[in-house]
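Using the hints, build the complex out of the two chains.
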Amino acid sequence: MGIDIRKIDEIIESYDKSEESLLAILQDFQHTFRYVPEEGMKRVSEILGIPESKIYGVGTFYKALSLKPVGRHTCKVCTGTACHLKGAHTLTDIIGRELDIEPGETTKDGRFTLQTVNCVGACALAPVVMVDDEDYYEGSSPQDVLKNLRKYK
Amino acid sequence: MEKITIKINGKDIEALKDQSVLEVARENGIAIPALCSHPEIETQAGSCRVCLVEVSQNGRSRVVTSCNYPVRGGIEVRTDTDLVRRIRKGVVELLLSRTPDAPVIQKLARENGIEGSRFFVDEAEHYRNRCIACSLCTQVCEEVVGVSAISMLDRGRDKAPGTPYLKPSQACIGCGACAYACPTEAISMIDEGEVRKIWGREFKMLTCSVCGKPYIPEAQVEWIVKTTGKDRSFFDKCPDHR
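Taken in order, these protein sequences are the chains called A and B.
So the first sequence is numbered by my numbering: it starts at 6 and just counts up by one.
So the second sequence is numbered by my numbering: it starts at 7 and just counts up by one.
Heads up, some of the hints might be wrong.
As a list, the in silico DSBU-like pairs of lysine-lysine whose alpha-carbon atoms are at most 35 Å apart [claimed, not checked]:
no.	chain 1	residue 1	chain 2	residue 2
1	B	K173	A	K68
2	A	K113	B	K13
3	A	K73	A	K12
4	A	K91	A	K22
5	A	K22	B	K232
6	B	K203	A	K47
7	A	K59	B	K13
8	B	K13	B	K23
9	A	K59	B	K173
10	B	K165	A	K91
Just so you know, the hints here were simulated from the structure itself, not pulled from any lab data.
In isolation and in its complexed conformation, chain B is listed as follows (with noise of 0.2 Å):
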């Protein structure tokens, strides 16, 4: 991997090239706030608009999301200037007017200084929920799990995940990682005893042979075995007690 210089703030840096400047930034402890971005993804999708950065090169200045965006020598990034200020406001004002009700976006507009959407709230039922349509689930789901068991479906504003024919997915395997991955906490996952209930389905949970704790849904088990060939009694204990 090419080492590269880059300035971040005035100060120089050294990366590798083809890294996200949201990545270098962090690795150096400079702070952009993001939402769909995850380092388990090979695609960011880029599409919260939270990250904003101004990046200059050759005298031109443009703002780009730095979680997709891919460092290269003598680019100059500020994380934090006027112009990168206020989009980042409207852009969070937006998300606020979508999810009124998302604890991290109501703490994200409060960073920001914002107080209330000018925005128009939508106060049917059907749109009050947290989702800001970031596609992270889905892509976790993909990419990560493997199993693609939900997807982005429909458009514009009723953009949101769900499963095949909106009916229980049998590819899911209960895994959750898409509650885990959920930046707004959007996806309802609810533990009962030894029932896993998420997408409409009910998933039967293995219980631990040491706490007796009900840890994993034998789905995910099954899916585990199936994929990577690891003996099944490595399940018999959770993870504390392995």
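Same shape as in the complex, but just chain A (with noise of 0.2 Å):
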């Protein structure tokens, strides 16, 4: 996949030319490529002054930001504290199974990611599958998971 420079640059450009941009500019690298570019990471590195290795320890740092490409949908299993309780790690091994991979990583047709995070701030519905981050799933029944899961192309 080819990352379009000027894409980057525009991103970068969007932003004021100062390290609180940062965060700003890696988030939305992560949502127009999917991943966090190195190239991208790079052209912030030179525009903004930044050293590089102070921008790759921001990118590893967030759990929302993926430095491999991610697959056409992401599915994240909140193992926050009400969530671990409620069961995240067997509906974590479910959903493992059933796409037939580990968590980080992305299915063989490239359709999904599966990751596992800290907490996703909607305890109340434990435990939460969130896809795409915006599709929030009570995760009461591992069938009913899914089956909207399903619903992905």
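In structure tokens form, the structure reads like this:
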């Protein structure tokens, strides 16, 4: 997958040239390219004058940022305290078996990336599965979750 | 600088306002164990948690990290209370479970009366290193050397220093300051003849024109010349023969 360097520059140019813009730019990369490309981090370093080490450090710190290309859909299983107690790990296993991947991996057809995240802030729905950062599913029954996942092509 | 008087272990001691408790204690020959503190670093991270002391002021006391606790007039510091000893023991035990192979931590454990850690020790090769994730190496690289070649990557138990994209860093000058500063000797730096290997890169070393010993990476000389304007010929001889 080729990354459009013009698109990268466009995103960077839309923010103030200050260190404070770093996270917002990386989030935009994530949104646009579905991951944070190395070329992008290099350009941010050049334009904002931030050492590459710092940018990469931020990139590895946040679970919302992925440094590898991810699938068309991301499936995030919350493993926060409430979800953990409500069986998030069993849920992860079941989804992983269905998709034939481990957490952090992408299916061969590029349809899904499975991730575990620390807390999505919806503890009342525990255990929660979040798809594409916008659809929340209460994971009361793993079968329901699997049925819902089939909707995503 | 404002002079103040504080008490450490019952003794009146003169100090300058804003000095750290650790600094004052050491100037006065009072030992406090510490791993991640370094006098050349502006902001002590306080991340190893070994330098704990108990500070009392206005009848209240609390346990603080002495390396980044600024002294104020009238405070009373105790370095060896039961509470401090008990908490430090727990801290060291946790460090031991993370880095069971680090001699510095093993020694600290013995000094604190710990025989083995009660906590889970991960047998996976990946975690079996000596790094306690204190970030002193990255601070030295940024603040003292000024190149920011490494930073702390990931989070939680995966947190460790590394180069951007886990590839050999182009910013690195091979000075080895990170390895020298590391309290647990966790960073691999190998000098073999005229080559230094560190962070996945090989650096050609400059040899001393008198004794013929390779003593400094060429990249480091270039960096010093560039940033300080020092004459390159200064580096013809090693410090022993200048």
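For each hint, the structure was consulted:
no.: 1; hint: K173(B) to K68(A); verdict: holds, 21 Å
no.: 2; hint: K113(A) to K13(B); verdict: violated, 66 Å
no.: 3; hint: K73(A) to K12(A); verdict: holds, 18 Å
no.: 4; hint: K91(A) to K22(A); verdict: violated, 44 Å
no.: 5; hint: K22(A) to K232(B); verdict: holds, 26 Å
no.: 6; hint: K203(B) to K47(A); verdict: holds, 25 Å
no.: 7; hint: K59(A) to K13(B); verdict: violated, 41 Å
no.: 8; hint: K13(B) to K23(B); verdict: holds, 14 Å
no.: 9; hint: K59(A) to K173(B); verdict: holds, 14 Å
no.: 10; hint: K165(B) to K91(A); verdict: holds, 27 Å
Against the hints set out earlier in the document, violations occur for numbers 2, 4, 7.
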